[in-house]
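Chemist: Residues per chain are reported as follows:
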Amino acid sequence: MKITLKNLTKKFPSRNKKVREDVIAVNDFNFEIPDGKLIGLLGPSGCGKSTALNLLCGLQKPTSGQILFGEDDVTDLPAENRGVGMVFQNYALYPHLTVKKNIMFPLENLRGKDKLSKEVMEAKALEAAKLVQIDELMDRKPSELSGGQQQRVAIARALVKMPRVLLLDEPLSNLDARLRLQTREEIRRIQKETGITTIFVTHDQEEAMSISDIIVVMETGRIQQIGKPQEVYDNPVNLFVAKFLGTPPINVFSGRIENGSLFIGTDKILNVKSADGTSLADQPVTIGIRPEGFVLSDDGALTLNLTEVEVMGRDITVVSTHPESQNVEIRSIISSENHVEITGDTVKFAIKPHKVHIFSVETGQRIEFTAE
Amino acid sequence: MDNRNNKAWLYLLPAILFLGCFMVYPLIDVFIYSFEEGYNSASQTYFGVGLYNYSYVLHDPYFLQAVKNTFILVIFTVPVSTGLALLISVGLNSIRPLKELYQTVYFLPYVTNTLAVGLVFMILFKKTPYSDGLINLILNIFGMAPVDFIDGPYWAKMFVLCFYTVWVVMPFKILILTSALASVKQDYYNAARIDGTSRMRMFTRITLPMISPSLFYLIITGFIGAFKAYSDAVALFGTDLNAAEMNTIVGYVYDMLYGNSGGYPSYASAAAIILFAIVLTITCINLLISKKHVHYS
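Chains V and Z, in that order, are what the protein sequence lines are.
Just so we're aligned: the first sequence equals residues 7 to 378 in this note's numbering.
Just so we're aligned: the second sequence equals residues 183 to 479 in this note's numbering.
It should be emphasised that the hints constitute simulated quantities derived from the structure, not laboratory data.
Where hints are given, some of them may not hold.
[As the list claims (entries may be wrong)] The list that follows gives simulated cross-link-like pairs (lysine to any residue, SDA-like), each with its CA atoms no further than 20 Å apart:
| hint | chain 1 | residue 1 | chain 2 | residue 2 |
| --- | --- | --- | --- | --- |
| 1 | V | K119 | Z | R383 |
| 2 | V | K107 | Z | Y371 |
| 3 | V | K147 | Z | H475 |
| 4 | Z | K473 | Z | L390 |
| 5 | Z | K309 | Z | Y336 |
| 6 | V | K67 | Z | Y371 |
| 7 | Z | K367 | V | Q66 |
| 8 | V | K107 | Z | H475 |
| 9 | V | K67 | Z | R375 |
| 10 | V | K361 | V | A281 |
| 11 | Z | K367 | V | C63 |
| 12 | Z | K367 | V | G233 |
| 13 | V | K361 | V | S179 |
Turn these sequences into a full structure, and let the hints steer you where they fit.
Modeler: Written out as structure tokens, the structure is:
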């Protein structure tokens, strides 16, 4: 099911009586979610992503704008008639019902011509349970299940009525680190098997990047960027997106463009031109360099004050500082294959041009450039 | 190990002393009294041991009347008060404006003195040569003949007693149920809504099971409280309940101890033990039924 959002806006009245300004949780959303994809709605807490999900499932009404499932306008359709499945952050499994009864619950709501016989319901419940691999646990109560198993039951309950859209609210946040890795692959597998358009909300960029077909990065109610995870990572539209994606995070420096060259302090990093070949005006800029954009080099352009070297086995993280750095410490990841000894007070790096992003100091928007 | 045991007993000592003195000992004493025939409290003597006290009490028409009254009271007031309290709590829980005000209003009867409320009820229901009372005035509007609810026919008096009991016990039930309802997480309702659950089904399949421990608690204490009713009847019909045909089991016990015909602790004890047996039986039945229907999280 294709989902289209048109000028979707949700305002909440301000609690603060002195400031009568509304809180805009979702600000003018316009985008189209293609059929059968897995979409990650990503942003820091309080950015409005859960509100966006509530608008999609119908628990909240938008202030303005439209939501279309396929060609149907569902904006004014109440939640119960939208045919969406939702997995809540705390799963919301009915504690007094067994796993089987929990999964059958949505089916038992069907009335009139859709009413199912008990056998059909049980068969469907079993099918959904098999899909998430909990068919052994059908007679347990939710309190007798682990967090990961509860999560699966919640997914099975959301899937059993074959929803047009599946929504997941922070599906992995209540799981421990190992289970999180396993479950996110599970979600990916289930989504692929069923082909149901799935939207999930998360504040964990790694989670979103790893399994989404498309990620939507949000901040304070506004969509910052939509795209395939790798594209968004490689071409962030602004400083917020660049900072939000990637672990360790991007290293940010205060720098400047001077006579067609990019400077951090006194170090001249690159010669830059604008994308269309003309020279870029002299101006102060914010420079972001991805941790993997550093190459150890004795005649490297950027000199950093070495703090320590962390050996991770697969690679080495060089931790250092620089007076112009906006991060407390600069983390650069280099391959451990060269067996380099890093000693002394300073370390010199050459910079990979395609791992460098330049942002306007005023607007935070990315300035396109080509390196010479 | 021994040392630790001794310490544990030491900690328990105050509670054991108090409970032993004021609960266990009197209970045993009452049990013994109930078998002592012809006990005289002045001389502290008795003729023999046997079941005569029970036989006397069970053949006493006043006691049988009290048992009948008590059972009618229990059978009507417990379901009606619990059901009404549930309805009102659900209503209170689903309104937003002035919720606190309503909750306070519904709780007011709880902090009001029973006897004072009884007086008000008497004025409302009583028919005197000078006035028919407010309730009778209302009945009059609907073309019904005035009834003396306080000194009139049995059914009218019973009605007032039940009405009054329901009114008095409701606030506490509403208090317990509103807090139980408020503790049911909104997520369950959201999940149910998305799955297209009707309001009725949400109530029977989610709300009721979730608040069943509180509901069950109210039913058990409601039964016990109604079986032990006494002051309500006094507030409405005065102290000579036997004459008013409105006595309760506890009222009978009291009369046997201190009433006009008082001075019979053995009969009082036997009646008290019979009441104890009834309450115990009913509570056990309740517990058995609840095992199937109450969901403790």
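Chemist: Does each hint hold? Answer for all of them.
Modeler: Evaluation of the provided hints:
1. V:K119 - Z:R383: holds (18 Å)
2. V:K107 - Z:Y371: The given pair, whose Cα atoms are some 16 Å apart, holds under the 20 Å limit.
3. V:K147 - Z:H475: holds (15 Å)
4. Z:K473 - Z:L390: holds (15 Å)
5. Z:K309 - Z:Y336: Satisfied, since the Cα-Cα distance of roughly 15 Å is no more than 20 Å.
6. V:K67 - Z:Y371: holds (17 Å)
7. Z:K367 - V:Q66: holds (17 Å)
8. V:K107 - Z:H475: holds (16 Å)
9. V:K67 - Z:R375: holds (14 Å)
10. V:K361 - V:A281: holds (16 Å)
11. Z:K367 - V:C63: holds (18 Å)
12. Z:K367 - V:G233: This hinted pair is violated, its Cα atoms lying about 36 Å apart.
13. V:K361 - V:S179: violated (30 Å)
The structure shown violates the earlier hints numbered 12 and 13.
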